[in-house]
Structure formats: C-alpha cells, structure tokens
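Kindly generate the complete structure, drawing on both the sequences and the hints.
Below, each chain spelled out in residue letters.
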Amino acid sequence: MDFHDRHLLRLRVNGEDHSLSDLDPRVTLLDLLRERLHLTGTKKGCNFGECGACTVHLDGRRVNACMILAVSAEGREVTTIEGLADGDALHPVQQAFIDHDGFQCGFCTPGQVMSAAALIEEGHTGSDAEIREWMSGNLCRCSAYPQIVEAVRAAAGRASQ
Amino acid sequence: MTPFVYARADSLGETIAAGAAPDSAFLAGGTELLNWLRLGIAGPARIIDISRLDGLDQIEALPGGGLRIGALTHLNDVAQHELVMRDYPVLSQAILNAASPQLRNLATIGGNLLQKTRCAYFRAEEQLPCNKRRLGSGCSALHGINDNHAIFGWTEDCIATQPSDPAVALAALDAVIVTAHRSGGRRIPAAEFHLLPDTRPEADNVLQQGELITAIELPAPAPRSAYLKVRERESYEYAIVSAAAVLEMDGRTIRRAGLALGSVALRPWRLSAAEERLAGADVGDREALSTAIEQSFAEARPLLQNAYKIELAKTAALRAIERAARMPS
Ligand SMILES: Cc1cc2nc3c(=O)[nH]c(=O)nc-3n(C[C@H](O)[C@H](O)[C@H](O)COP(=O)(O)OP(=O)(O)OC[C@H]3O[C@@H](n4cnc5c(N)ncnc54)[C@H](O)[C@@H]3O)c2cc1C
Ligand code: SF4
Ligand code: FES
Ligand code: FES
Numbered sequence: 308m309d310f311h312d313r314h315l316l317r318l319r320v321n322g323e324d325h326s327l328s329d330l331d332p333r334v335t336l337l338d339l340l341r342e343r344l345h346l347t348g349t350k351k352g353c354n355f356g357e358c359g360a361c362t363v364h365l366d367g368r369r370v371n372a373c374m375i376l377a378v379s380a381e382g383r384e385v386t387t388i389e390g391l392a393d394g395d396a397l398h399p400v401q402q403a404f405i406d407h408d409g410f411q412c413g414f415c416t417p418g419q420v421m422s423a424a425a426l427i428e429e430g431h432t433g434s435d436a437e438i439r440e441w442m443s444g445n446l447c448r449c450s451a452y453p454q455i456v457e458a459v460r461a462a463a464g465r466a467s468q
Numbered sequence: 502m503t504p505f506v507y508a509r510a511d512s513l514g515e516t517i518a519a520g521a522a523p524d525s526a527f528l529a530g531g532t533e534l535l536n537w538l539r540l541g542i543a544g545p546a547r548i549i550d551i552s553r554l555d556g557l558d559q560i561e562a563l564p565g566g567g568l569r570i571g572a573l574t575h576l577n578d579v580a581q582h583e584l585v586m587r588d589y590p591v592l593s594q595a596i597l598n599a600a601s602p603q604l605r606n607l608a609t610i611g612g613n614l615l616q617k618t619r620c621a622y623f624r625a626e627e628q629l630p631c632n633k634r635r636l637g638s639g640c641s642a643l644h645g646i647n648d649n650h651a652i653f654g655w656t657e658d659c660i661a662t663q664p665s666d667p668a669v670a671l672a673a674l675d676a677v678i679v680t681a682h683r684s685g686g687r688r689i690p691a692a693e694f695h696l697l698p699d700t701r702p703e704a705d706n707v708l709q710q711g712e713l714i715t716a717i718e719l720p721a722p723a724p725r726s727a728y729l730k731v732r733e734r735e736s737y738e739y740a741i742v743s744a745a746a747v748l749e750m751d752g753r754t755i756r757r758a759g760l761a762l763g764s765v766a767l768r769p770w771r772l773s774a775a776e777e778r779l780a781g782a783d784v785g786d787r788e789a790l791s792t793a794i795e796q797s798f799a800e801a802r803p804l805l806q807n808a809y810k811i812e813l814a815k816t817a818a819l820r821a822i823e824r825a826a827r828m829p830s
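Chains C and G are the protein sequences, given in the same order.
According to my numbering, the stretch in the first sequence is residues 308 to 468, in order.
According to my numbering, the stretch in the second sequence is residues 502 to 830, in order.
Some hints here could point you the wrong way.
[Unchecked claim] In silico contact screen, one side only, chain G against chain C (beta carbon under 8 Å); selected entries: (1) Val506; (2) Tyr507; (3) Ala508; (4) Ala510; (5) Ala519; (6) Thr532; (7) Leu535; (8) Asn536; (9) Ile548; (10) Ile549; (11) Ser601; (12) Pro602; (13) Asn606.
[As the list claims (entries may be wrong)] The calculated lysine to any residue pairs, modelled on SDA-like cross-linking and capped at a C-alpha distance of 20 Å, are: (14) G:Lys617 / G:Gln709; (15) C:Lys351 / C:Val334; (16) G:Lys617 / G:Leu636; (17) C:Lys351 / C:Arg448; (18) C:Lys351 / G:Asn536; (19) G:Lys617 / C:Asn354; (20) C:Lys351 / G:Glu626; (21) C:Lys351 / G:Trp537; (22) G:Lys617 / C:Phe355.
What the hints contain is simulated information worked out from the structure, not anything from laboratory work.
Backbone N, C-alpha and C define an ideal beta-carbon position, used for all residues, glycine too.
Written as structure tokens, this is what we have:
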C-alpha cells in the first residue's frame, strides 16, 4: 500500500474539474473548499460534525464537509451552495427561504438550504414532523426553525397543513 | 492534528496486512476518527482509507434466514433497507434515532460500533484526569459531573457509558460481528464486543490492532421488535437511556424476549434475568412485565448524580416491550 504525506486530488466541484497538488491529507473537504477554492458559502460552525453549517452534496448525498478528509474525496463530485442555482435562476429551496423568511443572521442558511434540497430529493417531506426530524442535523442559532419548516414545505410543493 | 501519511486500500488482503502495523488506523466514514484526531484522542502515523473496499457495503439475505450487512454500509442505507425495515425494525429505529441525516450518509455501521464514550472529561480539549485518555491519571467524572454516566458495570477506574444506538439493537438481536485479521477472522457475539472497565479500562472493545469488521450478521427475522430512546431533546441527541426489545409471541403471550439497555454501561446491557422471567408472561400484564424487569436491576448501582437513570431505564425497558408487541408480525 502506497502511503504519502502529500497528495494529488482530482475533484469536480459545481460542475468544474479541479486538480489540486501538494495536498496535506489532514485538510478537510470544508477547509479545501473555503481556503483553496475560495468557495466560502459553505460555513465552518463547529468543525465537529454537530451543527450542519458545512453541509454539501457529495455524489448527490448531503454530508458534513468538516468530517471528510479532502483526499478521500478523490474523483468525486461536490455541489456547494454556490452551485445550486441554475445561472441566475435560484433553486426552489433558495427562493422558498427568501419567501418565507427562513433566516435571520444567515450563517446557517447555506447548510440549511443544501440539507433541504437533499431532503426533498430523499422524499422526507410527508409531514411537518418528518421535515423537522430530517432537518435536525442543521442547527440555527437564531432559531428560525418555524420559517425554515415553512420554506421546506413550500419548496416541496405541499400545501400548508 | 499530528501529521500522518494516507493511503487508499483496494483489497481486503492488503488492508489487513497494512492495518496490523502499530500506529495504523482505518478510516471508514470518518465521523469519529476526525474528531479523535482533532482532540488528540488518537494520533495514528498511518491512515488506511477503507471506504472504497469492494463488496463491504452490501446487504444480503443469508441462506438459512437472517441478514448479512457489510460493515461499510452507511447508516442511512441500513436503516432504510427494505428487509431491515420489515424484519428488524429495532435496528432501523435505533439507527434513525442516531446522529443526523448528513452524518448517517457518511457514518458506517461497522464504525458506529467503534465509537468511544461521550464523557465530557474524555472529550475535553485540555487533558483532564481520565483513565481512558491516560491510564493511571484517574477518573474526573467519579467525583465530578456524572449525571449521565453508568448505572451498571462501572468501576472506580471508569464510570462512562457506550453511546452507540445500533449496538443496543444488535445486542438484543443476538447479532454477530464478523471480522478479518492477518491471523484469521472471528465471529463475535454483539453483546460481548464492548469491554467493561474491570480489566483494561483504557480498552473499548475486543478488537486487536488491524482487525477489520467485515460484516454484521443478524439471525432469523425479528419483526416484533422496537427501540426506544430517551433524550434531553426530541431529536439529534445522544441517549440518557435507550432500550431495545425483541419479542417472539404466541398470541398475547411472550415466548422469548431479548432485551438490552443503552447508555447505562460501557457496553449494551442485556437484561438476562428479566428475559428469563418474561418467557410465558402476558404482554398486557404490566405488573408481570415490571416484576420481570425488576429482576435485572438488583445489580444496578447509581452514582452521586444519576440515580434517576434507574427508574428511567426500567420504564424505557417496559415501554420498549410494549412497543415491540404492537409491531405487526
Ligand atoms: C454530532 C454527532 C452526533 C452523533 N450522534 C450519535 C447518536 O445519537 N447515536 C449513535 O449511535 N452515534 C452517534 N454518533 C456517532 C456516529 O454514529 C459515529 O461517529 C459513526 O457511526 C462512526 O462510523 P464511521 O464510519 O464514521 O467511523 P470512522 O470515524 O471512520 O471510524 C471510527 C473508528 O472505527 C474504526 N473502524 C471503522 N470501520 C471499521 C471497520 N470496518 N473495521 C475495523 N475498524 C473500523 C476506525 O479505525 C476508527 O478507529 C454521532 C456522531 C456525531 C459526530
Ligand atoms: S468516566 Fe471514564 S471516560 Fe470519563 S473521565 Fe472517568 S475514566 Fe475518563
Ligand atoms: S462545521 Fe461541520 S457540522 Fe459544524
Ligand atoms: S439564521 Fe442565524 S443561525 Fe440560522
């Protein structure tokens, strides 16, 4: 087995291929996105997997970027909040967060939006309780939870219940 | 984080060969290991990324009944697998009550069993007396904050609990943990996988250096089974206590019961005495159920701040049995 202390990493981020050399294996995907690719939309809250502010999609599944060694994401596809909109057209979840006032300070919002976009794909929007449970990995210090649930429900295209 | 070298494993053979070298650690989902590296709980020189090993993330029915779950299967994929939901609801529920949706997309079922205690002294950023961090340094919790520590099986060397939810379900199900090692693999009963602090307080489980969990095997289907988790908030929190119940029934009569409690000891705590008394009991007879459960609490020993967990655990066990009985068979 070939062990190295510096690595070459190929990664597709928001549809764009990157080749990053001389990568220390200690660097997390979160730090790589923020500090080498300057995609600072993904937030660093706790850096311990607890808050969800760093949520991104890895091969289409939502994950905590702070819990992933960047080097282990070799060859994978990452979507961050910067890659969610289709040009100038906001993703329905982004629009719903605006329409329903789903934030105050906005720090948790990129993570909330990425989580909500995935949750709708997963189909966990059967009831408000289900939305709350499946959004529980995203903490909001401003406690915008009621509006976040409304936004997710609206984005999922369900009538208010 | 102290520096380490990293390699991705492509085959089982090279994985167990490389893993046998001291100072090596496997990386699966990384949701525990990364935090250990950050806190200095672990500082391996070599990290072996096992996350892309072929064939270890499958769930398949076993010939004689039962199910084999590859160790690298992500928690969300185990919990939402058709056969797990139908035949082993206790495991599906335990997993869906663990961690968060995002973490469950990373975390693997094998790695989950290897998580360490959440004792705050153990996880502190500055080094505090803790025999699990540094053997011989003492236990800060013994005369400190111990309201959520053990009520069973503790010693003065360590009073911590094992926080895994899935492990509790696996213990009640009589699951088997299958391993591979350079010197041969083994099959370890789930209830005997974690270690109490009585012999080697610094050790968490029976695995040797370089021993890889390859699968978890479940015995015959257990549709009448349920998991109950009591915590300080409704979701995304570790348990204060949890209970897993697995029942075989004849009408309303319990033929056989498997019962385990979580977050009460350094291993999932099987209530064997209660299980014996439950055989033949009417599941509608609360008094009989409570009397049976009581049998297993003779050995409970509260700490200064956690006597409340004894009552909580008894009630959780009772309610888990009742919930299991209501599951469709
Ligand atoms: C914020 C937070 C909340 C959580 N809440 C809960 C909860 O409520 N309930 C709960 O049960 N868990 C909870 N967890 C724990 C989580 O479930 C575990 O971290 C996860 O399951 C570990 O799996 P992993 O694949 O990420 O392990 P890793 O971090 O990759 O590995 C952990 C350890 O296991 C070893 N290892 C991994 N796989 C194998 C294998 N196949 N064979 C041998 N060794 C192996 C590694 O070498 C390492 O030492 C929580 C975690 C976090 C961060
Ligand atoms: S209870 Fe165990 S883990 Fe916690 S401080 Fe004591 S020795 Fe350390
Ligand atoms: S920064 Fe990753 S979960 Fe908080
Ligand atoms: S809007 Fe401020 S933390 Fe959520």
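Results of checking the hints against the structure:
no. : hint                : verdict
1   : Val506              : 4 Å, holds
2   : Tyr507              : 4 Å, holds
3   : Ala508              : 4 Å, holds
4   : Ala510              : 6 Å, holds
5   : Ala519              : 5 Å, holds
6   : Thr532              : 5 Å, holds
7   : Leu535              : 5 Å, holds
8   : Asn536              : 6 Å, holds
9   : Ile548              : 7 Å, holds
10  : Ile549              : 7 Å, holds
11  : Ser601              : 3 Å, holds
12  : Pro602              : 5 Å, holds
13  : Asn606              : 5 Å, holds
14  : G:Lys617 / G:Gln709 : 16 Å, holds
15  : C:Lys351 / C:Val334 : 13 Å, holds
16  : G:Lys617 / G:Leu636 : 15 Å, holds
17  : C:Lys351 / C:Arg448 : 14 Å, holds
18  : C:Lys351 / G:Asn536 : 15 Å, holds
19  : G:Lys617 / C:Asn354 : 18 Å, holds
20  : C:Lys351 / G:Glu626 : 18 Å, holds
21  : C:Lys351 / G:Trp537 : 18 Å, holds
22  : G:Lys617 / C:Phe355 : 15 Å, holds
When the structure is compared with the earlier hints, no violation turns up for any of them.
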